[in-house]
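Participant: In case you want the letters, here they are:
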Amino acid sequence: MSRGAGGRRPPLPLVLAAGVVVCLLLLPLAYLVIRVASGGGRALELLWDPETLRLVFRTVLLVVGVVTATILVAVPLAWLVVRTDLPGRRIWATAAALPLVIPSYVAALCLLSLFGEKGLLQQALGVERLPDPTGYWGALAALTLSTYPYVFLLTQAALRDLDPGPEEAARSLGASRLRVLFRVSLPSVRPAISLGSLLVALYTLSDFGVVSLMRYDALTRAIYLQYRSLFDRTPAAVLALVLVGLTALALTLEARVRSRGRHYRTNPGAARRAKPVPLGRWRAPALAWCGLVVTAFLALPAFVLGYWLQRAIVNDRALELPWSEALSSLGASSLAAALAVAAAVPVAILALRYPSRRSRLLERLSFAGNALPGIVIALSLVFFAARYASPLYQTLALLVFAYVVRFFPLALSGVESALERVSPRVEEAARGLGRGPLATLATVTAPLARSGMLAGGALVFLAAMKELPATLLLRPIGFETLPTEIWKLTQVGAYSRAAVPALILIAVSAPVLYLVSADRRPQGGSVS
Amino acid sequence: MKLVTVLSTLVTALVLAGCGADDSKSDSLTVYSGREEELVQPLIDMFEETTGMTVDVRYGESAELAATIAEEGGNSPADVFFSQDPGSLGAVDDELAELPQGTLDRVAERFRDSGGKWVGTSGRTRVLAYNTDALTEDQVPDSVFDLTDPAWKGKIGIAPTNASFQAFVTAMRLSAGEERTKQWLIDLKQNDPKTYEKNTPIVEALATGEIELGLVNHYYLYLVKEEQPEAPVANHFLAKGDPGALVSVAGAGTLASAGNTEGAQRFIDFLLSDEGQRFYTDSAEEAEYPLVAGIEAKKGLPPLDTLEGPNVDLSTFGAELSSTLELLRETGYLS
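Protein chains in written order, with this note's numbering: chain A, 1 to 528; chain B, 1001 to 1335.
The hints are simulated quantities; they were obtained by calculation from the structure and are not laboratory data.
Any given hint could turn out to be false.
Stated by the list, open to error - Label pairs and their in silico Cβ distance ranges:
hint, chain 1, residue 1, chain 2, residue 2, range
1, B, Glu1178, A, Gly291, 55 to 65 Å
2, B, Ala1319, A, Val314, 40 to 50 Å
3, B, Thr1051, A, Pro447, 55 to 65 Å
4, A, Leu72, B, Gly1115, 57 to 67 Å
5, A, Leu392, B, Met1046, 25 to 35 Å
6, B, Pro1232, A, Phe303, 23 to 33 Å
7, A, Ala299, B, Pro1232, 29 to 39 Å
All C-beta atoms, glycine included, are put in the ideal place defined by N, C-alpha and C.
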């Protein structure tokens, strides 16, 4: 029998709930297996094709690059805004998280329009040539822009919730600030950095918009091309399974990094924040760094969108405000967020509170479909729903379900990182004092993990707000979201008019960032 | 609790919105459209006005909608598939019903499926668009085979992942032969053509002078001019019979599994009616060719019957696509 490390057997309802969730999340994988099996022996041939290996190499290269870049950008930033006396910390924190609301295809379009040949910058500077913004570096830049907030937000939350005790102890034992940072603070937020990087890696693996606009040949681009060849869906399915393999690799690596030490609080933790580190003469460079990141990742895209908008006004194009699209986006994304968090709770509890091989496997399986591009998830749900659940087909319910399948790891990461910082001892105490498992969850665990759960939900919400490929195929007919509106307009090259829904998407998403980054703890310095 | 109130209000609103679209009575029709909403919605509005029927349209990319129809496996809610290209229609012809001869006969034989599963509804020709600041029209080659001249090195834009470019390569394979096509692709590659995702960015790149020549469909010019009226771009129509002068169509077919076969038929007949065809002359932004005899194209366009692409059968394009893709992959265009 599977027994947890604590020798406890997980309650059956919990196992069932987690099992059902994971089975539903595995539907895209099942679809791929069906498609590959119906293709017969050609599948294996394709797998060993040098072309496939080349695509794998290029994809891995991109993932490694983007993950490295996001960590380099996000971790220093998170430390600066949480743990130092940086002037305007709150403003910097908000501004640095904002690029999360910019869809990556919009980011890529902005970069191209800015740095492209005869683009805005070249005209402004009057220079002959700028470095080519397409290809590997362009894709790297656009993906870093739209994904570094994952690492930033998770690290920021972890740093903020960190018990100042160990750091103070290290300081009082004579360790320098730098030593404390590298030996105490950063290792304790390593799980958050590692989870954030995993989310970045999965996003990069599944992204199609950026690699296609930047003309970088990654697996997803090949998968889309295969779908365009229509006849035979086997090659696309084989390539998609290769992506699943890469996901497995990313998960294994991440698990290794994360398991180099678990970081529960051993006590409820002091309800206070650490004293901010004085920056001293590092203040100016720190400010410059924040300014650089915010300018590059927020101000530049905003500038390009503003330019398009202005061009639309100058050319007197009809500008309609897409309110009903905004409402649809908000509704579907909120539902997806709530459902994804609810689905993540049993999986996270099982994995963290009843650790065993099986529960770990179940948790890892839930990621299986998440490096898949939207089109694969959409077609797999088309396949199952049109055949076996036709009343659900092309309803809002199926669309919301697709969002949950695509963005489940975001919810799981929020719930898990929150649970990780709630000591199981507190729960055990509650159980020991006679609370039932559900009552413990509701009255002890949930309140302590609340901000993490909200953050997870908000991440799902923000991702769903931007989702395009699955939305196009699965939405109820006539159901327009902001991304479908942007798509519709950019499809005919009407960038100036597309700026309106893009700006509204950013405007309505931005307040939700508050849920991810809001600070609900007493201010630092007030030693209790 | 505020969040709960907001959520439940949203859900109610969405359910109400969702229900509105869901009645499968005979006066409503479901169309999967691979053609852009911006371009064809006015036409669909005309149909609704004339017939009093309600049309629910799912807009998407043609190939992805074709893949959707295939995955729906006979359970498609769609009655009509309105596609950007003959290839996507050909790819799902198992799922399409045969159209009546009277409908097919509205357009010339070269613009419809030889098996009668779909019919062309508007025409477009491939052209060589050029930057008018860099070139005069007589400097622009009359045949795509001239594009391998080293003089054009780095100055040509193509969209090899786009269906319209692939259809052109299919046309070259079928008219000039596999060997010659392969050689042309290899030689063109030596000229470092710039690749784009689709036609519009090529025309935009021509407008900025990033490139001088672009292989595109004729009507994208008008879309870009809409955004940038002063753009220095023009179309050059290639010599008769040249593969680069391929005349292709957007088309439509009815699904065999359609719930509203009568409505689907009326829709196709409307697209081919004089009124539906005059749309491309009178109101459409993008200046496609009407296909029905007697309806003239927009002013400034050479008449359709003077255009002559290579002698190829559009209804084989669906089946030929995989060989074309294989050739493009082999010659390094898809990577």
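Participant: Against this structure, judge whether each hint is valid.
Facilitator: Results of checking the hints against the structure:
1. Glu1178(B) / Gly291(A): 55 to 65 Å: holds, 58 Å
2. Ala1319(B) / Val314(A): 40 to 50 Å: holds, 48 Å
3. Thr1051(B) / Pro447(A): 55 to 65 Å: Cβ of Thr1051(B) to Cβ of Pro447(A): about 59 Å, so the range 55 to 65 Å holds.
4. Leu72(A) / Gly1115(B): 57 to 67 Å: Distance hint for Leu72(A), Gly1115(B) holds at roughly 58 Å.
5. Leu392(A) / Met1046(B): 25 to 35 Å: holds, 33 Å
6. Pro1232(B) / Phe303(A): 23 to 33 Å: Roughly 26 Å apart at Cβ, these two residues keep to the hinted range, so it holds.
7. Ala299(A) / Pro1232(B): 29 to 39 Å: At 31 Å between Cβs, range holds.
Hint compliance for this structure: no hint is broken.
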